[in-house]
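Engineer: Single-letter residue listing:
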Amino acid sequence: MENADPVLEPRIRGQREDMKRKSRVLMAKPGIDGHWRGAKIVSTALRDAGFEVIFAGNMSPEAIAKTAVQEDVDFVGLSILAAGHMRIIRRVLDALREEKASDMIVTVGGTIPQPDIPELKEMGVSEVFPPGSKIDKIVDFFKNSVTGDSQAA
Amino acid sequence: MKDSATQKSKFTGSGIPVKEVYTPEDIKDLNYNNDLGMPGKGPFTRGIYSNMYRGKHWTIRQFSGFSTPEETNKRYQYKYENGETGFSISVDSVTENGFDPDDPRAEDEVGQSGVSVCSLEDMETLFEGLPIDKVSTAVITSQWTSPALAAMYFVMAEKQGVSLKQVNGTSQNDPYVFTLCCNLIDCVTPPHLLKLSVDLIEWCAQEVPNWHPVSFASYNYRENGVNAYQELGMLFSNAVGYIEEELSRNRLEIDDFAPVISFHLAAHNDFFEEIAKFRAARRMWYKLMKERYGAKDPRSLAFRFHVQTSGSTNIYQQILNNSVRIAYQVLAAGLGGAQSLHATSYDEPLCLPTDQSILLSLRTQQIAQYETNITNVVDPLGGSYFVEWLTNEVEKKSWEYFDKIEERGGLVSVWESGWIHKEAANAMEERQREIESGEKQVVGMNCFEMETEPYEVPVFRPNPESTNIQADKVRQLRQKRDNKRVEVCLENLRQVSLANDNVMPALMEAVRAYATLGEIQDVWRGIYPKWKMPIQY
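For the record, the sequence lines run as chains A and X.
1 is the number of the first residue of the first sequence in the working numbering; add one for each residue after it.
1001 is the number of the first residue of the second sequence in the working numbering; add one for each residue after it.
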């Protein structure tokens, strides 16, 4: 754009960016364990990075899948602080398949022992963030996963 | 990354600026008799007993529970055989929420984050063969389920031949652990939670003299991100909320129930600040009891507290390093004059502790008690220019935070409005920012990091069949008990609750009839309004 106004153009570009749909994240705690610190911190960081975050709090796996579809999200973030994570995450993934939403990117954060991570990935989880994961790395993962029209601002 | 050794300004973990060195000038206004006093004498800054650990070591009370009551009972036996001197029940999320294991919402979570306890039968199994006449027990669960679980413990004790007059221990029964620090999915509004909590306190103060029916658990507020002085400010504001509720009933005087109140604090990373916090807390409680409530009984004026080393300071990276953090925190608790102590286990960022990691926690405490000689002299840091100055400073800031809550109407107001939730959220984000920016250094996380993990540790797995086993058990219980009697007891509990009488006698009868936790909580779910935690995401 040879004649582009050097002051105006970035602003217009910015507006165009704004008109694009923000990438959406459903952040949920499957089941009834109520520790919310991790989910809250990650939600805030993703929102600050330009994602639209829907914080669902505690929900059953089936409700998570239904909400994810209703809200048309790109990502489902699951936060867990109790053992029993393998079964409950499998139930979320099954419910997403049931809702024909297995294309959604599923991430898990929380007290996940290292040996369980490969198995979770095989099950369909895209990434696992154990305690002590750097927030920048988590945000980068979400940004790098965004494709097509969905752009984080 | 900034190198902390070269930074000019230095701060405590809670952001209090500190100088390079302290001198008599920094504590020139300190009056020994008024501000410190001899240990065992008001204001108890130096400790609540004259001889402290020469009289009795702090109680080694490791919080634990997983899977079924049968399996946790074995763990309790193992810890007792290895020198544990107090029990502490950690229940699962299903129990905390007040559901039975066959509730559809409980699927996948029974026994996964603690032990499943839903009836007197489970409580009997949990303590079978354990010397509860000699060893005290902390029944740690949500405020919402504290009255029912305390009743189960009391009836179990009676059946073991330990009367209400003898039974010794603590209920957590704290307002914030499960309505601020954690979420409950189907509970009632704060004023009703408060009513049930204070009923337990009021009844125990008269009927169960050796029971502490509340242990205000600022440990958990701290774990959510608040700092040392916010911890104490919230702690005392919550205690005031309960005390005001009891006094407004015009049934008991302050000295009738203040002696049974107890506390549960965190031992975080800033060594001297935590010691100063424990000392400041004793002086604050003394002033609060004496000046605000005119308490006279020395037991009302003495601040009794349990300490838990801070789980949130334990990290996933280079996981064995956590045992060093834990040992320093144990030392701070001992030097701060704690009455009982839980040392977390190094593997808790991964899983519930293994037999080995819990043994290490026990041994960490025993080494502090038997080898370091810190138990020989009471309040050994008393008189240190720095520690006395910092004790004053933590106290001052804690009162300021306490006033901030009181100005907003106190416990129930900030709880219902969500102001306190906003405070917690701000604090957790601030803690995260400090770590992300490198302002706070965490070895293995933002400094001295390693590409590959140097330690491989075993992972504890709770029994995956716990849901099926416990759900079957509760179904069988409902078959074999006298259901007519259960129905009558639950209806009586409902009537007593509607009449706004103390629920405890009716609750004891319901528990004796083997009413389940879910059935009991449903009585209150049926008559009180529901509440949703006001978190702003």
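Just so you know, the hints here were simulated from the structure itself, not pulled from any lab data.
Treat the hints with caution; some may be incorrect.
[Claimed, not checked] Calculated lysine-lysine pairs in the BS3-like style (CA-CA distance at most 27 Å, straight line): (1) X:1422 / X:1532; (2) A:66 / X:1008; (3) X:1422 / A:137; (4) A:134 / X:1010; (5) A:134 / X:1422; (6) X:1028 / X:1532.
Just so it is clear, the structure is predicted and the values come from calculations on it, not from any experiment.
Engineer: Next step is simple, just say for each hint if it's right about the structure.
Structural biologist: Consistency of the hints with the structure:
1. For the given pair, residue 1422 (chain X) sits about 15 Å from residue 1532 (chain X) by alpha-carbon distance, which is consistent with the 27 Å threshold.
2. For the proposed pair residue 66 (chain A) and residue 1008 (chain X), the alpha carbon gap of about 54 Å is over 27 Å, so the pair is violated.
3. The hinted pair formed by residue 1422 (chain X) and residue 137 (chain A) meets the criterion: a straight-line CA distance of about 26 Å does not exceed 27 Å.
4. With a C-alpha separation of about 25 Å, the suggested pairing of residue 134 (chain A) with residue 1010 (chain X) holds against the 27 Å cut-off.
5. Between residue 134 (chain A) and residue 1422 (chain X) the CA atoms are separated by roughly 23 Å; this keeps the pair inside 27 Å, and the hint holds.
6. This hinted pair does not check out: residue 1028 (chain X) and residue 1532 (chain X) have alpha carbons roughly 50 Å apart, beyond 27 Å.
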